Amino acid sequence: MKPAKISSATHDIQEHPLLVRIAHWGQALAIIVMVGSGWRIYNSVPIIDNFRFPQWATLGGDPPISKIAHMDPGVANALNWHFTGMWLLLASYLLFMIHGLGSGHFRRDLIPLNPRGLFRDFIAAVTFKLSHRLGEYNHVQRAAYWGVLFAVLMMFMTGLAIWKPVQLSWLTWACGGYPTARVLHFIFMSGICLFIIVHVTLVALVPKTLVAMVLGRAADPIHATEIRHAGE
Amino acid sequence: MPVSEPPRPRFDVDRRKLLRSGLSLGALTFLTGCDISDNDTVQSMFAAVSQWNNFVQGELFGGTRLAPEYPESMAVKDFRYNAWYHSDQAPLLDAAEYKLELAGLIDNKKPWRVADLYALPQKSQVTRHVCVEGWSMIGKWTGTPLSVFLQRVGADLTAKYVGFVCADGYYESIDMATALHPQTIMAYQLSDQTLPAKFGFPFKIRIPTKLGFKNPKFVTAIYVTNRNPGGFWVDRGYNWFSGI
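If you read the sequences in order, they're chains A and B.
Mapping the first sequence onto the numbering used here, position 161 (from 1) lands on 161, and the numbers just tick up by one.
Mapping the second sequence onto the numbering used here, position 212 (from 1) lands on 212, and the numbers just tick up by one.
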């Protein structure tokens, strides 16, 4: 169980401190709750004509029960999930950001990020030539992580704009007014969902990243030729 | 940057770890797959968080901060009807027989007739009505500030809540700070027309700092109290403060 004997000279190592793992899974759980309940709320007044999310994919309870208990198809439950989940999301997001900025994790691993590197790694990725090394973030990954962190921030901004269009009317105004803020909230949600699909697919391809995010550490032996390269 | 074939991973130790992580992922999906929303513990958690959210919203509320007002040209003439029953079923109150009852921490509890209400000082607002479901609409409402009425009848303005009883079985309540807000009015008119029955004749409480369902229609009684009276939707799981 304890991989302490594995040396970093011969292994790629991915390590996540407990704080990061708590913040990661806190956000994961919160986002599932926020998206699921958000879809149920969305369904009561769809933004896209006649497009509703399938009920099984939404969070808010069994509609026949809700009809009796809440006189609605589960909107009260969904709103409760949404306005509970937001606190978990806020707490875990802040924890993640403060740790990432304070510990130097973002500075070490998520920059530099430039168009050239992004283009190079993107081409390598779509032609299946991009190798994944544990503990190392390529430019596509860096862009994706910055992107999703920005999208969550924008979910807070647009979410506050539609929750408090009077008390925070300046924010609602900055988001283009109430109806536009609602559409933006939907668009950034879609962006986060896209990230989740890619993220989970890549984790399935490199399962050790999941081991690291659960247990805190995972290692891959480095191929002999790579060790030579590194030594040169 | 060397690009080489990665070695085949060894699974002897990792299999157990993977199983464990798989289980925690499974627990996550279980939460959504098997919906626990109507579980007793979950409902208690919702109630507790909703109390906290009431507190946060109360703190955020500015007693003199005004809801944005729009040019009259933006006011919708054909306003959306919304209730749990069809507009045909809306109660038709007779102005000659109508009486607004007063109760609770109010000095002068003499009932009010429509003509007396409509004779009170009035002002207009063009504000956005925001529904909890997500739609919104700008309308023009005209009526007497609730604060003027509460002072006129000698209500205890240090009390915590103002409650409303409606002709259709609806009921609502708001915090005193919102009741005294300058844009909280007893609206007699929508789009310069006397309120039609379905919109709450003889008046509705128009509160542009709260969600639509906190704007009760065809009010038949107003009372002032220190015990939170809840509300029709609030007692069905919706957040009580519901400020915007």
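Since the hints were derived computationally from the structure, they do not count as laboratory data.
Be careful, since some hints might not be right.
[Unchecked claim] Below are the DSS-like pairs computed for lysine-lysine, each with C-alpha atoms no more than 25 Å apart in a straight line:
#	chain 1	residue 1	chain 2	residue 2
1	A	LYS129	A	LYS208
2	B	LYS77	B	LYS99
3	B	LYS123	A	LYS67
4	B	LYS110	B	LYS99
5	B	LYS99	B	LYS109
6	B	LYS99	A	LYS164
Remember, predicted model here, so these are calculated numbers, not experimental data.
Here is what the structure says about each hint:
Simply put, A/LYS129 and A/LYS208 have alpha-carbon atoms about 19 Å apart, close enough for the 25 Å limit, and the pair holds. A threshold of 25 Å between alpha carbons decides the hint, and for B/LYS77 with B/LYS99 the separation of about 29 Å lies outside it, so the pair is violated. Between B/LYS123 and A/LYS67 the CA atoms are separated by roughly 39 Å; this puts the pair beyond 25 Å, and the hint is violated. Proposed proximity of B/LYS110 and B/LYS99 is supported: the alpha carbons are some 10 Å apart, at most 25 Å.
Restraint check for B/LYS99 and B/LYS109: the C-alpha separation of about 12 Å stays at or below 25 Å, so the hint holds. With a C-alpha separation of about 35 Å, the suggested pairing of B/LYS99 with A/LYS164 is violated against the 25 Å cut-off.
In summary, the numbered hints that this structure violates are 2, 3, 6.
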